[in-house]
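There are 2 protein chains.
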Amino acid sequence: MDKFTRNQRISIITKTLIENPNKVINLNTFTELFSAAKSTISEDLYVIKDILSRLKLGGVETISGAAGGVKYVCGLSEEKSMEFANRLCGILADKDRVIPGNFLYVTDIMCNPQIISTAGIILASKFIGNNVDYVVTVETKGIPLAYEVAKLLGVQLVVVRRDTKITEGSTLSINYVSGSTGRIQSMTLSKKSLKKGSNCVFIDDFMKAGGTAKGIIDLLREFECQLVGIGVLIDTVSTQKKLIKEYVSIVNFNGFDEDGNAVLMPTKDFI
Amino acid sequence: MDKFTRNQRISIITKTLIENPNKVINLNTFTELFSAAKSTISEDLYVIKDILSRLKLGGVETISGAAGGVKYVCGLSEEKSMEFANRLCGILADKDRVIPGNFLYVTDIMCNPQIISTAGIILASKFIGNNVDYVVTVETKGIPLAYEVAKLLGVQLVVVRRDTKITEGSTLSINYVSGSTGRIQSMTLSKKSLKKGSNCVFIDDFMKAGGTAKGIIDLLREFECQLVGIGVLIDTVSTQKKLIKEYVSIVNFNGFDEDGNAVLMPTKDFI
Numbered sequence: 002m003d004k005f006t007r008n009q010r011i012s013i014i015t016k017t018l019i020e021n022p023n024k025v026i027n028l029n030t031f032t033e034l035f036s037a038a039k040s041t042i043s044e045d046l047y048v049i050k051d052i053l054s055r056l057k058l059g060g061v062e063t064i065s066g067a068a069g070g071v072k073y074v075c076g077l078s079e080e081k082s083m084e085f086a087n088r089l090c091g092i093l094a095d096k097d098r099v100i101p102g103n104f105l106y107v108t109d110i111m112c113n114p115q116i117i118s119t120a121g122i123i124l125a126s127k128f129i130g131n132n133v134d135y136v137v138t139v140e141t142k143g144i145p146l147a148y149e150v151a152k153l154l155g156v157q158l159v160v161v162r163r164d165t166k167i168t169e170g171s172t173l174s175i176n177y178v179s180g181s182t183g184r185i186q187s188m189t190l191s192k193k194s195l196k197k198g199s200n201c202v203f204i205d206d207f208m209k210a211g212g213t214a215k216g217i218i219d220l221l222r223e224f225e226c227q228l229v230g231i232g233v234l235i236d237t238v239s240t241q242k243k244l245i246k247e248y249v250s251i252v253n254f255n256g257f258d259e260d261g262n263a264v265l266m267p268t269k270d271f272i
Numbered sequence: 002m003d004k005f006t007r008n009q010r011i012s013i014i015t016k017t018l019i020e021n022p023n024k025v026i027n028l029n030t031f032t033e034l035f036s037a038a039k040s041t042i043s044e045d046l047y048v049i050k051d052i053l054s055r056l057k058l059g060g061v062e063t064i065s066g067a068a069g070g071v072k073y074v075c076g077l078s079e080e081k082s083m084e085f086a087n088r089l090c091g092i093l094a095d096k097d098r099v100i101p102g103n104f105l106y107v108t109d110i111m112c113n114p115q116i117i118s119t120a121g122i123i124l125a126s127k128f129i130g131n132n133v134d135y136v137v138t139v140e141t142k143g144i145p146l147a148y149e150v151a152k153l154l155g156v157q158l159v160v161v162r163r164d165t166k167i168t169e170g171s172t173l174s175i176n177y178v179s180g181s182t183g184r185i186q187s188m189t190l191s192k193k194s195l196k197k198g199s200n201c202v203f204i205d206d207f208m209k210a211g212g213t214a215k216g217i218i219d220l221l222r223e224f225e226c227q228l229v230g231i232g233v234l235i236d237t238v239s240t241q242k243k244l245i246k247e248y249v250s251i252v253n254f255n256g257f258d259e260d261g262n263a264v265l266m267p268t269k270d271f272i
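In order, the protein sequences belong to chains A and B.
Be aware that the first sequence starts at 2, since it is given in my numbering, and climbs by one per residue.
Be aware that the second sequence starts at 2, since it is given in my numbering, and climbs by one per residue.
What the hints contain is simulated information worked out from the structure, not anything from laboratory work.
Predicted model, so just to flag it, every value in this text is computed and none were measured.
Be a bit skeptical, because a hint or two may be false.
Where chains are identical, the list cannot tell them apart; a pair therefore holds if satisfied intra-copy or between any two copies.
For lysine-lysine, the following DSSO-like pairs were computed, each having C-alpha atoms within a straight-line distance of at most 27 Å [stated by the list, open to error]:
#, residue 1, residue 2
1, Lys269, Lys196
2, Lys50, Lys4
3, Lys197, Lys166
4, Lys193, Lys96
5, Lys81, Lys24
6, Lys72, Lys166
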């Protein structure tokens, strides 16, 4: 039987935890893999837990009982979160991002794994205690961010579509009024998507007036599910009347100044 | 100054590498973080590299020169890849997945982070040597898988849209013929999305006749970019005439048998 040193075990245990966020891993997984005693693995885990907490890079939680084990919970220090939000403001302020109609081009950012994975950690850590069952988003731009948050919360992602597709089976559709344009839009979701009574978090790229979020609440109600949190990358603060009051954002976008520069800053108290 | 033990350093270095796949990390990042000598960090890295390679869980590569450092390259053992493909066939064979029109419902699978992250590792490891600049997909179902592959290859994701959006700025559109339905469809992509002369990998949920993949090749040609690989989760082998010959898939879907059961098996030689 192969022997493993503590260093080797710690590297593999760290990798396994990081790759399975918020999922309880039974200690037997490690005792069997390494042919090691439970007490040995517990000592390894203590080292990992201790250093992650010291560097504020997330935590390791122990769950007792028959279905017990350990799980990794993502996290980022206040300092690193603020550094990220400031860097993001800098990237978003690039003049080339202003497109006709006074929109901010963010497609590349929403598809940049390095940015989205950090944003995902910041948003997921807000909802970690909410017993979340699903992360919900509306196609298309918010999908990578919503996927990251779902992965970090250890739950399924649900993508609401704009129209019905034959590959979705029976669907449920609702109409809602877009808060910023006032137009009626529809959203549709496969009947198979959500279990009754589930807790859902809504993740999107932008929060403007909140019409989409309100639509999501209505849609979830049809599935007898509750919305327990909303997280967006960018909050458009220049939109006066918000249909939704409570949500988390990382960056505030306050329109354009007289020279046509986007006015951006980290959201107050987002950490 | 805080001191760190080898165990602690190995845990944090492992986490940093895993969270930044295929990205070169300069050794100074670690020597500064731990106030340790380069030789010490090199020894730490040797332990990580050695155990990952022994358990076939990916690799650590050293890049020399001024811009040098180390990077983590994802990987999964043949045994685990086959185990995953077999498990996926079992999940897909569920009778509840058959929807009117003889389609297989896969939306939940394409949005399941645990499944998609493993599928992402299998597909990304096929393209790791291809100098990939972008991972491209077409909205909507393939986005999470394409995002995972992009993240694991350390590159940007690009999502081709079905129609033009005002938030995309100037776009380039093409029409193409769907290989399975024969209908004319269009795809559109923001002009800002791709740099000339880039190498792209196309990732999607299904490969039927290959019409979408052919459309992607045409679209990339308009951007003066090359397609260097195609990866899908499921290959519909019952579609006789394929417009595309070379691609990687994990599972073969061979239609339904007389009792209406989906016929599925791991793709031959996919490992």
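To see whether the hints hold, each was checked on the structure:
In this assembly of identical chains, Lys269 and Lys196 lie within 27 Å of each other by CA distance neither inside one copy nor across copies; the values are 35 Å within and 36 Å between. Within a single copy, Lys50 and Lys4 get their C-alpha atoms as close as 23 Å, and across copies as close as 17 Å, so both meet the 27 Å cut-off. Proximity of Lys197 and Lys166 under a CA criterion of 27 Å is satisfied intra-copy only: 22 Å inside one chain copy versus 34 Å between copies. In this homomeric assembly, Lys193 and Lys96 come within 27 Å of each other (Cα to Cα) only across copies, at 13 Å, whereas the closest approach inside a single copy is 44 Å.
When the C-alpha separation of Lys81 and Lys24 is checked against a cutoff of 27 Å, the pair qualifies both within a copy, at 25 Å, and between copies, at 19 Å. When the C-alpha separation of Lys72 and Lys166 is checked against a cutoff of 27 Å, the pair qualifies neither within a copy, at 37 Å, nor between copies, at 41 Å.
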